[in-house]
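Novice: Listed below are the residues making up each chain.
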Amino acid sequence: MSGEMTLNAGCTAPTYHDDLRLVQGELDKCMKCGNCMAVCPVYSVNKDEMAVTRSKIAVAEAVMKGDLSMDDPEVSDMIFNCLVCKSCMTNCPTKVSYDRIALGFRAALVRKNGLPWLKKMIFTGLKNPKFFDVAMKAGASMQGIAFKGDRKMKAISPRSPFAMVGGSFGFDAGRKMPELTVTPLRDRVSEVVRPAEVKVKAAFFTGDSLNYFYPDAGMDLIEVLTENGVEVHVPKAQNCCGIPVLVHGDIETARTLAQNNLDTFEATGCDYLITGCGSCGGAWQHDYVDLFANDPVYKAKAEHWSKRTYDVSTFLTKVIQFRQPKGQVDAVVTYHDSCHLKKTMKVAAEPREVIRSIPGVTLKEMAAPDTCCGSGGSYVVSHYDTSASLGKNKAQDINQTGADTVSTGCPACMMQLLDNVSRHGKEQKVTHYISLLAESYRKEKAAVH
Amino acid sequence: MLDKAIVQRLQDVVGQENVLTRKVELVAYSYDATADMPHQIPDVVVMPTTSEMVQEVVKIARTHQIAIYPRGAGSNLSGGTIPFKKGIVLSFQRMNQILEIDPANLTATVQPGVVIAALNSAIAGHGLIYPPDPGTVATATMGGSAAENSGGLRGLKYGVTKNYIMGMEVVLASGEKVKFGGKTVKNVTAYDFSNLFVGSEGTLGIITQLTCKLIPAPKFRRTMMGIFSSLEDAGNAVAGIIAAHVIPATLEIMDNKTIRTVEAFANIGLPVEAKALLLCEVDGMSQDLVNTEAEAVIEVFKQNNCEYKAANSDAERDQLWLARRNALPALASLDNTCIVEDATVPRSRITEMLVACEKIAEKYNVTIGTFGHAGDGNLHPTILYNMYDEELTARVHLAIDEIFATALALDGTLSGEHGIGLAKMKYLGDELGQSGLDLMRSIKEALDPDYLLNPGKMIPLPEAVA
Ligand code: SF4
Ligand code: SF4
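Protein chains in written order, with my numbering: chain A, 1 to 449; chain B, 1 to 466.
Since the hints were derived computationally from the structure, they do not count as laboratory data. Heads up, none of these hints are tricks.
These stretches of chain B come out as covered by chain A in the derived footprint (C-beta under 8 Å, 3 or more residues):
no., stretch
1, 92 to 100
2, 133 to 144
Below, a list of computed lysine-lysine pairs in the DSSO-like style, where the Cα atoms sit at most 30 Å apart:
no., chain 1, residue 1, chain 2, residue 2
3, A, Lys364, B, Lys219
4, A, Lys65, B, Lys85
5, B, Lys86, B, Lys23
6, B, Lys183, B, Lys213
7, B, Lys275, A, Lys95
8, A, Lys95, A, Lys65
9, B, Lys23, A, Lys29
10, B, Lys85, A, Lys29
11, B, Lys23, A, Lys47
12, B, Lys177, A, Lys47
13, A, Lys392, A, Lys346
14, B, Lys275, A, Lys29
15, A, Lys29, B, Lys363
16, A, Lys65, B, Lys86
17, B, Lys444, B, Lys59
18, A, Lys29, B, Lys359
19, B, Lys4, A, Lys47
20, A, Lys318, A, Lys429
21, B, Lys59, B, Lys4
22, B, Lys426, A, Lys29
23, A, Lys47, B, Lys85
24, B, Lys23, A, Lys112
25, A, Lys445, A, Lys364
26, B, Lys86, A, Lys29
27, B, Lys183, B, Lys157
28, A, Lys47, B, Lys162
29, A, Lys95, B, Lys23
30, B, Lys86, A, Lys47
31, A, Lys47, B, Lys59
32, A, Lys47, B, Lys213
33, B, Lys4, A, Lys65
34, A, Lys65, B, Lys23
35, A, Lys47, B, Lys179
36, A, Lys364, A, Lys443
Glycine included, every Cβ here is placed at the ideal spot set by N, Cα and C.
Sequences and hints are given; from them, build the entire structure.
Specialist: The structure is reproduced here in structure tokens:
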């Protein structure tokens with residue numbers, strides 16, 4: 001067994017993120033039954049077994065035994081060819097946590113070889129929220145140069161010189177991205193938003209995608225909560241949930257980001273933490289607990305918030321009884337299950353309950369609504385072909401329903417859906433489900449006035 | 001490693017993207033779903049998309065005397081697809097087109113890589129089903145399940161794969177292609193080749209196309225569960241249901257060890273002291289008939305001192321199925337290694353076999369949970385152990401030897417649905433005798449004299465016998 005399996009110097013409370021040997025138990029659980037093959041989105045595209053979970057496990061076993069080397073590019077490529085969508089885990093008879101295996105390996109790889117330079121550049125920015133904030137804002141003001149606007153789709157697509165450079169990263173001229181907004185969500189609201197009458201207090205973890213890419217959806221979420229008598233705390237000191245760096249094996253940055261978030265939300269004094277993004281919610285419910293499993297201070301904090309984190313739909317339907325909306329919204333909606341929302345947070349019925357409650361809205365299910373859309377963070381960039389093929393299938397399933405609106409509960413999926421609906425769809429509107437409810441509440445008020 | 005020129009030839013035939021040679025790719029095809037088997041890395045993986053490509057690959061292999069292992073999804077449980085003499089793994093996962101659905105003749109014609117569940121989705125709109133339903137329908141391929149003659153939960157009423165294969169195209173070891181059978185219900189032309197190749201485990205020829213029989217989907221069903229405090233009562237209930245001339249679509253049994261394990265795993269309210277659980281589902285085209293059959297089953301349950309439940313809705317049916325669905329996951333979670341056997345006995349001897357499995361578990365001090373298809377006598381004694389414990393592993397092997405010896409002593413057979421492959425080859429003589437082994441070898445050598453097709457499976461290699 002070589003050095004990469006053992007600890008970082010100075011690490012006193014190792015988890016599988018720090019010591020690869022701790023994933024052996026997960027590897028042993030795999031029976032090689034192949035059930036994962038039926039659901040792994042990466043396998044579905046090329047039908048070669050190398051993409052299937054059980055093969056990634058077999059290769060991981062070969063590394064543990066010393067038959068293959070982890071820094072062999074073949075090995076690392078294979079381990080990174082995963083959307084961490086957790087579909088395999090929901091179909092696995094023995095509940096192999098492939099996410100832990102993948103994260104453990106990625107972390108070990110980074111321990112050994114360092115972060116590849118491109119990723120390193122991005123993550124250094126993330127660790128310093130101020131710098132990141134400025135960079136994202138600068139990006140927003142520069143987007144007019146780099147991208148040509150398409151008002152109707154409320155999206156931007158790369159202008160030609162940039163597209164030529166970006167093509168290899170998946171940003172060809174046809175790619176639609178949400179507009180990088182000049183004023184991020186957290187700059188638009190005060191740290192505490194109070195309704196007329198306060199029934200309960202909750203803190204809102206915005207995550208970066210809602211903050212920078214979809215601040216309107218974030219505003220809608222806050223509006224829905226205040227409409228229901230929730231005092232919403234939006235602490236400015238919060239930062240990225242850490243998932244983007246965690247999945248690339250940068251454990252140190254992930255822990256730093258997580259600690260800051262845990263401390264920041266503790267200071268709000270709220271009992272509930274609300275998310276509007278499956279990946280962020282999953283981080284609070286599971287990843288922080290794993291990251292600090294042996295940490296004398298942060299273990300307790302992580303467990304505390306793990307039990308108090310709710311997707312906004314669950315909070316509305318299970319914790320408080322949300323006020324049934326009365327404003328008419330004429331739309332035929334189909335709902336896409338975000339992998340992290342359904343498979344990590346186990347939220348699937350609640351957003352549908354919210355959508356169905358809206359007068360005028362018809363929910364039409366697509367075939368296999370919980371099949372991955374091919375998003376998966378930087379996977380879109382690193383494995384563009386696989387991602388694009390999954391996105392296209394998703395767009396076709398959406399077209400089949402005849403819906404005019406596709407709704408989901410995760411900003412990352414919204415980006416992927418927007419791109420694929422614009423390429424292969426029928427100009428369907430892409431929205432967070434919470435925005436539909438906010439719209440209904442607004443129409444209701446407008447009717448009264 | 002294969003010669004570069006041979007790899008180049010293979011690429012010329014199937015296209016570069018359909019030839020896999022990287023180390024990690026080869027690891028991905030070095031095993032199948034069978035526990036306790038050695039893994040072996042092949043020299044190359046070839047993914048043809050037409051039968052002509054398969055013919056060319058066979059010719060190349062023959063010229064250079066390279067072994068070929070046809071492979072579907074690799075979900076088999078006999079070690080049957082492990083490339084243990086190295087050579088070429090011939091994966092059919094990209095040869096996966098449904099060529100024709102013919103509702104008038106109730107047939108479908110498919111390429112071997114079509115997944116069983118995909119065929120069933122494609123024909124659902126016609127109100128038809130393809131009944132064989134091994135536990136792996138969502139992944140297993142039509143070609144693989146034909147080569148293994150897979151069974152499943154509905155075997156008692158609807159039969160197994162061999163009852164549904166009406167015609168085939170097969171590429172022989174010579175590189176020639178033969179076609180036989182077809183869409184006619186009756187066909188006695190020549191030998192019954194379908195039944196020779198179905199279940200031949202890739203040792204006699206390579207299936208490149210299949211025509212299979214479809215049936216109208218049953219419209220009604222009723223599901224019942226009986227909980228027994230003695231194994232004898234459960235065995236008598238199975239016999240009683242058949243004696244009442246009810247042939248259920250499904251008649252599943254679980255022993256006490258399985259019941260306790262499922263309850264600990266899933267907390268679904270099973271009585272942990274129960275000795276056996278029967279799950280029975282009747283189906284058919286008329287509500288009246290199905291109700292009459294369901295009442296007959298309940299009557300038999302009552303006569304055999306059991307507590308029973310009957311489902312009145314789909315939700316209640318799912319509830320009854322929970323126990324059975326959780327059987328393998330629950331058992332498999334007990335330890336790091338899980339061997340699922342499929343020793344099969346005549347239906348009338350189910351009770352004896354279950355009692356024997358319990359005794360064997362006690363004698364060798366190993367963990368065995370048994371569940372399975374009571375209606376057709378096909379049981380799954382499932383053995384759980386820690387593979388890192390050598391002494392325990394040795395006891396497990398002795399227990400397995402005894403399970404097979406017992407099945408044969410009860411007039412049963414080594415395998416009801418998983419096949420022989422590598423895993424059960426050593427017991428074959430016990431069931432067939434020397435003359436049976438000789439017959440197998442004559443057939444093998446007539447069709448594949450050089451032992452190039454899935455060598456060393458079912459029939460030991462000549463050098464291994466000498
Ligand atoms: S479903 Fe789970 S146990 Fe089965 S092969 Fe995949 S990871 Fe392994
Ligand atoms: S997490 Fe998703 S992409 Fe990764 S192996 Fe599992 S099913 Fe495949």
